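Here the protein sequences come in this chain order: A and B. Taking my numbering as reference, the numbering of the first sequence is continuous, increasing by one, and the terminal residue is 430. Taking my numbering as reference, the numbering of the second sequence is continuous, increasing by one, and the terminal residue is 430.
Hints in this document: simulated from the structure, not taken from any laboratory. A couple of the hints might just be wrong.
Since copy identity is lost for identical chains, a pair holds within one copy or between any two.
Below are the DSSO-like pairs computed for lysine-lysine, each with C-alpha atoms no more than 27 Å apart in a straight line [said to hold, decoys possible]: (1) 322 x 161; (2) 310 x 280; (3) 354 x 310; (4) 2 x 159; (5) 2 x 280; (6) 7 x 41.
Please read these numbers as outputs of a predicted model, since none were measured by experiment.
Here is what each chain is made of, one letter per residue.
Protein chains: 2
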Amino acid sequence: MKIVEEKVLSYLDSKRDEIIDFLGKLVRIPSVVGEELEAQKFMYNVFRDMGLEVEMWEPDVDVLRRHPAFFETTSFKKYGYRNRPNVIGRFRGEGGGNSLFLCGHIDVVSPEPINAWSYPPWSGIVVDGKMYGRGAADQKGGIASMTYALKSILDLGIKLKGNVLIGTTIEEEDGGIGGALAVVLKGYRADAAILTEPGGSRIGVASAGVLYFRVKVMGRTAHASRAHLGVNAIEKACTVYRALMELNRERQKRIRYEYAENEAPHMKGRATTINVGVIKGGDWPSTVAGWTELECRIGWPPGESISDVKREVETTIMEASKEDSWLRDHPPKIEWFGWSAEPSEQDVNHPIVKLVKGTAEEVLGERVVFAGGSAGLDTRHFILYGGIPAITFGPEGENTHGIDEYVNLDSVIKTSKVLALTLLRWCGVT
Amino acid sequence: MKIVEEKVLSYLDSKRDEIIDFLGKLVRIPSVVGEELEAQKFMYNVFRDMGLEVEMWEPDVDVLRRHPAFFETTSFKKYGYRNRPNVIGRFRGEGGGNSLFLCGHIDVVSPEPINAWSYPPWSGIVVDGKMYGRGAADQKGGIASMTYALKSILDLGIKLKGNVLIGTTIEEEDGGIGGALAVVLKGYRADAAILTEPGGSRIGVASAGVLYFRVKVMGRTAHASRAHLGVNAIEKACTVYRALMELNRERQKRIRYEYAENEAPHMKGRATTINVGVIKGGDWPSTVAGWTELECRIGWPPGESISDVKREVETTIMEASKEDSWLRDHPPKIEWFGWSAEPSEQDVNHPIVKLVKGTAEEVLGERVVFAGGSAGLDTRHFILYGGIPAITFGPEGENTHGIDEYVNLDSVIKTSKVLALTLLRWCGVT
């Protein structure tokens, strides 16, 4: 290891308390998707105080709408894009090096039910080397790591050759349309991007395809005392449910994907999933349910396109309907709504992947594996629509999206070290 | 037939246009359950103009709550009982005769979806001898018949021996707690009651037991990409649905009831029914549904008590849960809510039943049958809680609670004749 690298690592060790303090402040600014403004103002000031050129701008939905990956996100429908800026800091290198984009999403999912938490979700309390709070792991820990990776280099006066972009974006949890996609469409480019999603000793090299769909099943109403004259749409929805679960089992056998199965031992054979998350039907206990709707998500690893998957789901529901005398004549309607993400995969032979893997193994002292492909991530916007090689790498945490989310603070520091070394090695030093 | 009877019948024939005009006015006053005030003011004036002593009063919920048959009706929860009066007119006879209570409910169910109607539901338009409109059959037609039955006798100066009560009550469609039950608890009594629900050539002699219940099924949430770590409450609700339908089939084989099966040819073997009318579950397409609720109605003919039926439903759900490894440890919760009606049956050998049957067959010129027991009616309040023998008899109509409800106008006049003759024969004439 070079002397400059060792200086950066020991500088980061010396800044441990400051980094934890920074992360605590960020966790204590609630930034549930749609309400990202205060946290983004905070990040704007942080990047500005680091001496970066900083741009803070709201997404232009008219530009986004023209892009094939556009969909109206839930938070866009609720809030629009006013007061929901992205923040991008720019460091101009000395020239002659590779450029790198460090990026994290500022939005977090709802902490509800808050009463179920052991510690208040906006407290950022530290217990046994873990910081608890909504977003601590997903992914304000990663934002702290990347911010201090660059800051340590700047503080020490080390001159990078390549340019660096460092940004925090909105609504990743909703699909990143107004966040990462807007960033890419605004023209920000680099030779590679690292998104600091939580991962620990896993490098994320794939993003899942994701679709939401709604199945509307019609029945025929009748008074409950004459239920035999009606057709209960709840019963018919159970038929559709079974058909979707049968497809799920068949797909899980057929579609295997190493990186998704690497995510955890229990992910074996679970690279693709169909989930029926919401059901609503009928109007009154004494009326035969005349309608029922199912809201579903299908996720799948790279290998199938959105249109492949839509066709398979539609065919399955139509085939199941043919076997039911009522559904045959009253086929369910399928609506694709909300999340609509093509899967993407980063070639693991790309130099940035090899560099991060080697650097991470060096710092963490353990084997680092490639993972990903069960969840939709912002990496797809960089890869598919920006032509920017992109991976995820970030600190280790647990209970993301759940109760008592926490990030391991040692891991935050180690991640910062990996990212700092990556900056030095990728961008080069004069 | 006596001369006085013939006079009344021909008087009613001469009043046909006036009766139809009266019914049209009443249909044109919307009186969806909960919003009965304007129609009740109209009836108050009608009864007053007939020279009756009229009382118009709002139900006292504190009195009602102390009664074992009380439950909070849907419209009570929404509106309370302010501005929802019952109207009772009293005619004092000369003495020495039987007393009769003629009663109809003024409330109607919602006409939605209004756009589906061939004629506006509050128009009371007459086409081919039928008056169309929400409530035309259920049961403003019956109110017109009973009003003119008494009015014709009074107009002709005929002196009845027995007392007559004539009333219009609220919220029968919601269970009649603030209507018929409140009337009975206020102390109105007669030797018999005729409720003018639609029926044509059927005399209603039974009211169904009715219970609403909610089954809450818990699952375990998980992100959709890790659905295998969760337990989908929608799937478990389908299991409960199947168990309830299995119980329904078994009960329909076991429980036969002639009067309910008399209601229509298709009612054979359908005297009892279980309906799952509403389903709601889960929060988000990408989260495994952590909960699902079913809202159900069970109706049954006289023969079982409320507690018998509750026990059978609860046992069925618990037995089905034992066969499921998740439900065994997380048994569904069952809540009994809303409608809670004991079944009741009127002895068909009672003189009022024989009298109405004979009179109806005489006027209609066809065989009149006994029916009832698939729907909960206000008769139960009179029989069970007032000790008043009670039946339903009213004009013939179709599409009650549905689109294009209508009443047959010939039948309105004939019903008025049957009721007028019944008054003369039951109360006696000086």
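Do the hints match the structure? See the list:
1. For the homomeric pair residue 322 and residue 161, neither the shortest alpha-carbon distance inside one copy (64 Å) nor that between copies (68 Å) is at most 27 Å.
2. Proximity of residue 310 and residue 280 under a CA criterion of 27 Å is satisfied in both settings, with 22 Å inside one chain copy and 25 Å between copies.
3. In the homo-oligomer, the alpha carbons of residue 354 and residue 310 never lie at most 27 Å apart, since the shortest distance is 35 Å inside one protomer and 66 Å across protomers.
4. Taking CA atoms no more than 27 Å apart as the test, residue 2 paired with residue 159 passes inside one copy only; the shortest distance there is 15 Å, against 119 Å between copies.
5. In this assembly of identical chains, residue 2 and residue 280 lie within 27 Å of each other by CA distance neither inside one copy nor across copies; the values are 62 Å within and 62 Å between.
6. Taking the shortest Cα distances, residue 7 and residue 41 never come within 27 Å of each other, neither inside one copy (31 Å) nor across copies (91 Å).
When held up to the earlier numbered hints, the structure conflicts with 1, 3, 5 and 6 and fits the remainder.
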